[in-house]
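Engineer: Chains as they are written, first to last, in the working numbering: chain A, 10 to 139; chain B, 763 to 1255; chain C, 2 to 246; chain D, 4 to 101.
Check the hints yourself; a few may be wrong.
Claimed, not checked - Here are the computed lysine-lysine pairs in the DSSO-like style, where the Cα-Cα straight-line distance is at most 27 Å:
1) Lys1164(B) x Lys1116(B)
2) Lys29(D) x Lys91(A)
3) Lys135(A) x Lys170(C)
4) Lys48(C) x Lys193(C)
5) Lys98(D) x Lys47(A)
6) Lys1195(B) x Lys1126(B)
7) Lys170(C) x Lys789(B)
8) Lys47(A) x Lys5(C)
9) Lys789(B) x Lys1204(B)
10) Lys98(D) x Lys91(A)
11) Lys4(C) x Lys29(D)
12) Lys960(B) x Lys91(A)
Hints are computed from structural coordinates only; laboratory data are not their basis. The model shown is predicted, which means the values in this text are computed figures rather than measured ones.
Chain residues, written in single-letter form:
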Amino acid sequence: MKEFQEIFLRYHALLQAAVYGSAVLLILIGLYAVLMKKHLVKIVIGLSIIESGVNLLFVAVGYISNHTAPIFSPGYEHAADKMVDPVPQALVLTAIVIGFATTALALSLVIRLYRHHKTANIEQLKSLRW
Amino acid sequence: MVISPIHYIFVPLATAFLIPLLQKLYKDAARVVPGLVLFYNLVISVILFRRVMQHGTVTEIIAGWRPPFGINLIMTPFSATLASLVSFMAFAVWLYGFRFKRVLKGGEVMYYEILQLMMIAGALGIILTGDLFNLFVFIEITGITAISLVAFYRDRHGAEAGFKYMLLGSLASSFLLLGILLIYTQTGTLNMAQIAQKMPAVDSGVKVIALIFILIALGIEAEMFPLNSWAPDAYSQAPSPTSATFASVLAVAALYALIRVGYTLFDARMISGFLIVMGFLTMLIAEMAAFSQTDLKRMLAYSSIGQMGLAMVAFGIGNETAIFGALFLMINHAVIKALLFMSGSYFIYNLQTKKMDALNGIHKRLPYVSFLFSLGVLAIIGFPPFSGFWSKLYILYGAANKNMLLLIIGILSITLIEMTYYLRVIGRIYFAKEKSEPASHKPSVNALVAMTALALVIIILGIYPDLISGYLHQAGRFLLDKQAYIQTVLSMR
Amino acid sequence: MLKKIFVWFLLAVLGIALYASFGRAPFGENRVGPTDNPATVSAFYLKNSAEKLQTANSVTAIVVNFRGFDTLGEVTVLFLAATGLASILYRKEDEDEEGEHLPVRINLPASSIVRTGAKILFPLILLLGIYIFVHGHLTPGGGFQGGSVIATGFLLMFITYRRFGTNHKVMVWLESLSGLAFVLTGLYGLIKYGSFLQNTPDVGHLNDLVSGGLIPLIYIFIGIKVSTELTNVLDTLMNIKPKKR
Amino acid sequence: MTTFILFLVVMGIILIAAALYAVIQKDLLYAVLATGVVSLVLSVFFYLLQAPDVAITEAAIGIALTTIIFIITIRNTTRDEDIYSEDLINRFKNKKDA
Chain A
10 MKEFQEIFLR
20 YHALLQAAVY
30 GSAVLLILIG
40 LYAVLMKKHL
50 VKIVIGLSII
60 ESGVNLLFVA
70 VGYISNHTAP
80 IFSPGYEHAA
90 DKMVDPVPQA
100 LVLTAIVIGF
110 ATTALALSLV
120 IRLYRHHKTA
130 NIEQLKSLRW
Chain B
763 MVISPIHYIF
773 VPLATAFLIP
783 LLQKLYKDAA
793 RVVPGLVLFY
803 NLVISVILFR
813 RVMQHGTVTE
823 IIAGWRPPFG
833 INLIMTPFSA
843 TLASLVSFMA
853 FAVWLYGFRF
863 KRVLKGGEVM
873 YYEILQLMMI
883 AGALGIILTG
893 DLFNLFVFIE
903 ITGITAISLV
913 AFYRDRHGAE
923 AGFKYMLLGS
933 LASSFLLLGI
943 LLIYTQTGTL
953 NMAQIAQKMP
963 AVDSGVKVIA
973 LIFILIALGI
983 EAEMFPLNSW
993 APDAYSQAPS
1003 PTSATFASVL
1013 AVAALYALIR
1023 VGYTLFDARM
1033 ISGFLIVMGF
1043 LTMLIAEMAA
1053 FSQTDLKRML
1063 AYSSIGQMGL
1073 AMVAFGIGNE
1083 TAIFGALFLM
1093 INHAVIKALL
1103 FMSGSYFIYN
1113 LQTKKMDALN
1123 GIHKRLPYVS
1133 FLFSLGVLAI
1143 IGFPPFSGFW
1153 SKLYILYGAA
1163 NKNMLLLIIG
1173 ILSITLIEMT
1183 YYLRVIGRIY
1193 FAKEKSEPAS
1203 HKPSVNALVA
1213 MTALALVIII
1223 LGIYPDLISG
1233 YLHQAGRFLL
1243 DKQAYIQTVL
1253 SMR
Chain C
2 MLKKIFVWFL
12 LAVLGIALYA
22 SFGRAPFGEN
32 RVGPTDNPAT
42 VSAFYLKNSA
52 EKLQTANSVT
62 AIVVNFRGFD
72 TLGEVTVLFL
82 AATGLASILY
92 RKEDEDEEGE
102 HLPVRINLPA
112 SSIVRTGAKI
122 LFPLILLLGI
132 YIFVHGHLTP
142 GGGFQGGSVI
152 ATGFLLMFIT
162 YRRFGTNHKV
172 MVWLESLSGL
182 AFVLTGLYGL
192 IKYGSFLQNT
202 PDVGHLNDLV
212 SGGLIPLIYI
222 FIGIKVSTEL
232 TNVLDTLMNI
242 KPKKR
Chain D
4 MTTFILFLVV
14 MGIILIAAAL
24 YAVIQKDLLY
34 AVLATGVVSL
44 VLSVFFYLLQ
54 APDVAITEAA
64 IGIALTTIIF
74 IITIRNTTRD
84 EDIYSEDLIN
94 RFKNKKDA
């Protein structure tokens, strides 16, 4: 297991870039879709990609190299010191479910909007103005 | 069972879960039961408010784990004041909306009442919680209910306003999560008191970024410029009792969250300049937009945003006088704006249009409602005998104490704009030539009772502000005393 | 064009800010600390979920007990989303949406292989979901996971059988009662032990099926609640009449 | 160990590629399926990062339920990003007929 730690440290920059980097990139890609895309469904896709990125960031922050999942299954009863941080995982559970709830609500609004306006382009929804 | 802050949350929750069943047993359950719950909230507000003011902060541990390990509810004098305000306003709005005709169609009334009740429970949760992630959950509860209520009429404007709110609200929740996570990585905790304790040791760059994320998120909820484009649409498209709730409950809770995070988690000095500048911009732009509105509800909405901006400025000034003024302003704004939305919606209901041109000479058709509306208008622009006067005076006094002459001039000139457009409406109501149409919808008794009660509150607070000023001073002092907050929470057993 | 430059600038700033600030918490670093004498919240949770709560899955212990109040809020969010969805997509019988009327479903029926497969799979998926939330305190999984698995089972049936519908009365009862049961379990803690959602001290032994006191019970309520809410959401969405092509 | 590193890097690349595809793709059905792929890879990611609870949740909610509600929405709006309104659909149809 010492080996693991060594290799982990050697490639640490790469690993951090792979995990944090992809989470941050997901957030940016999603934000790009939200800001630049015109189709309502695309915008909601962007929102859900942002949520995915945030969730990944949560789990990544809680990870500890060479530690196991925070479950005291038989044989691991006294391995509390060798477990990853369970708090971000618990928070992410909440965040995923809440994310699904908001996505469903957003999509129902999209359906409503399309029924009324006959269009799914955000630039054509201009009945309300400043 | 001893009365404790948790009653604010679990009673509405259990009721909301039960309403679909009760509806099957008794047809009007969905309308009556929330009222009982809100009345119960009002009763425990009175009890807890007295307890907090006499014996100091009331705290409650949830799930039996003392902070920082468990989630805790905390009622400082500051949050007790706001929680009581929210409970009172929620009950008044329920009373007003009890026979509200437009929401009475079919089975929708159940959806409406559940959402409305949970919006209030969520707002109370925001005010009471002492945990950062729990704050996020309650913000989501209010957000989802508010979106559904904005889109409640299912017309094209409603859905559009709802979608706008949805878009900004989702971004807000993502940013809030990022901010929370950043704080968690640095401090290893989610309890607000412990974060406040550990915050000075955190690297200042990370601290600023976390602060920016959280300010963006809470700024969206608290209608801060330039993130408030959802607000006028949401206010004007929602059913009228909901608009009143937005102004008197949701805005209060969102501003509370902003202030709690800014003052307790971070340093008050860190955000004071930001709050003053953003608050002033919010106020200026909102009042200018209100000036050019032709739609009554939109005008009221912009005026609401303006008032929130003024409250932000006052919290930014940050001395005791200004905070006293800000708290007074929050109470005034909640009561007065609710009254304006309530009476204004009777105009709209009678005229079947939101346009202000149609208001000409309506005082002959709805004399009492017109009287209440003008009372509200006079109070909100700060005419001397009414309560709005005192809050503005104290905020200006607070600014003067800090020698912010420019700010005083700015606030006064914005008040002038405000006065112009509000008095224009009054002019229309009383002095313009009326079109001869008979009044079709007289206000119902319960709505009249609710509106009269609010009007009485305005008048009494205006003539005799000492009634609450002692409490407000105490609340303001507690807000500034960060160490007391930390100690109270972390010494809980 | 200006908007494009602004957006790219915003994205660049945000990306750098995010990566730099999270870089201060290096990937894989141990920020939990020793669990014998916990200095952080996580270490305290890890220690006590095994010792005081006898719950093998410490994520479950956090979700249901330590931070159970969050979970109550989360279940409420789901409930409110289902309510809001129903309210937004609600349609009275006589309500005509701007002259649109489309009774005919255009989709082809599923093939008989799919239908038979769905019929066999459906009870298995339900069973799997129930297994997941009953064992939530022992193995990975729990109320949310099991609930959403059950909802996918209903989804399969909705897709395969056009006429498949849930029994609304049963759903309403299950939904209300499971939510209420969650709150009442919390209330039991408040009355008996003085704190909302507090667990019983009688927690059994680690890795027994009946261990963790009230945790498995609450997770079962959550599982029922989540599965009914998600199924309701799907039901509402599936029953939208498709538009004219 | 090296497989772990390799896995994470490859997964990250797939994740970003799928997300980019979801944003760029004009056919919304494929875009939605790509977000399903994002969720799938994400749940593998969670599993590798020792979060099996989250992985199961993401698998059930992210892959199955979110994707299906998106598909239902597409069925009720338009499938092509550029043909976003009923007017455009009709015009497109007429062109095809002519």
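Engineer: Now tell me if each hint is right for this structure.
Structural biologist: Right, here's what the structure says about each hint:
At most 27 Å may separate the alpha-carbon atoms for a hinted pair to count; Lys1164(B) and Lys1116(B) exceed this at roughly 42 Å. Between the alpha carbons of Lys29(D) and Lys91(A) the distance comes to roughly 47 Å, so the proposed pair goes past 27 Å and is violated. Proximity of Lys135(A) to Lys170(C) is assessed by CA-CA distance (about 41 Å); at most 27 Å being required, the pair is judged violated. Between Lys48(C) and Lys193(C), the direct Cα distance comes to roughly 25 Å. Compliance with the 27 Å bound is thereby established for this hinted pair.
Pair hint Lys98(D) plus Lys47(A) holds up; C-alpha atoms about 24 Å apart against a cutoff of 27 Å. Between Lys1195(B) and Lys1126(B) the alpha-carbon distance is near 10 Å, which keeps this suggested pair within the 27 Å criterion. Only pairs whose Cα atoms come within 27 Å are accepted, and Lys170(C) paired with Lys789(B) is accepted, the gap being roughly 16 Å. Taken as a hint, the Lys47(A) and Lys5(C) pair is honoured in the structure, with Cα atoms around 13 Å apart against an allowance of 27 Å.
In summary, the hint linking Lys789(B) to Lys1204(B) is supported, as the alpha carbons are separated by about 25 Å, within the 27 Å threshold. Under the criterion of a C-alpha separation no larger than 27 Å, the hint pairing Lys98(D) with Lys91(A) is inconsistent with the structure, at around 66 Å. Distance hint between Lys4(C) and Lys29(D) is fulfilled; the C-alpha atoms sit about 21 Å from each other, no more than 27 Å. Proximity of Lys960(B) to Lys91(A) is assessed by CA-CA distance (about 26 Å); at most 27 Å being required, the pair is judged to hold.
Hints 1, 2, 3 and 10 from the list above are not met by this structure, while the remaining hints are.
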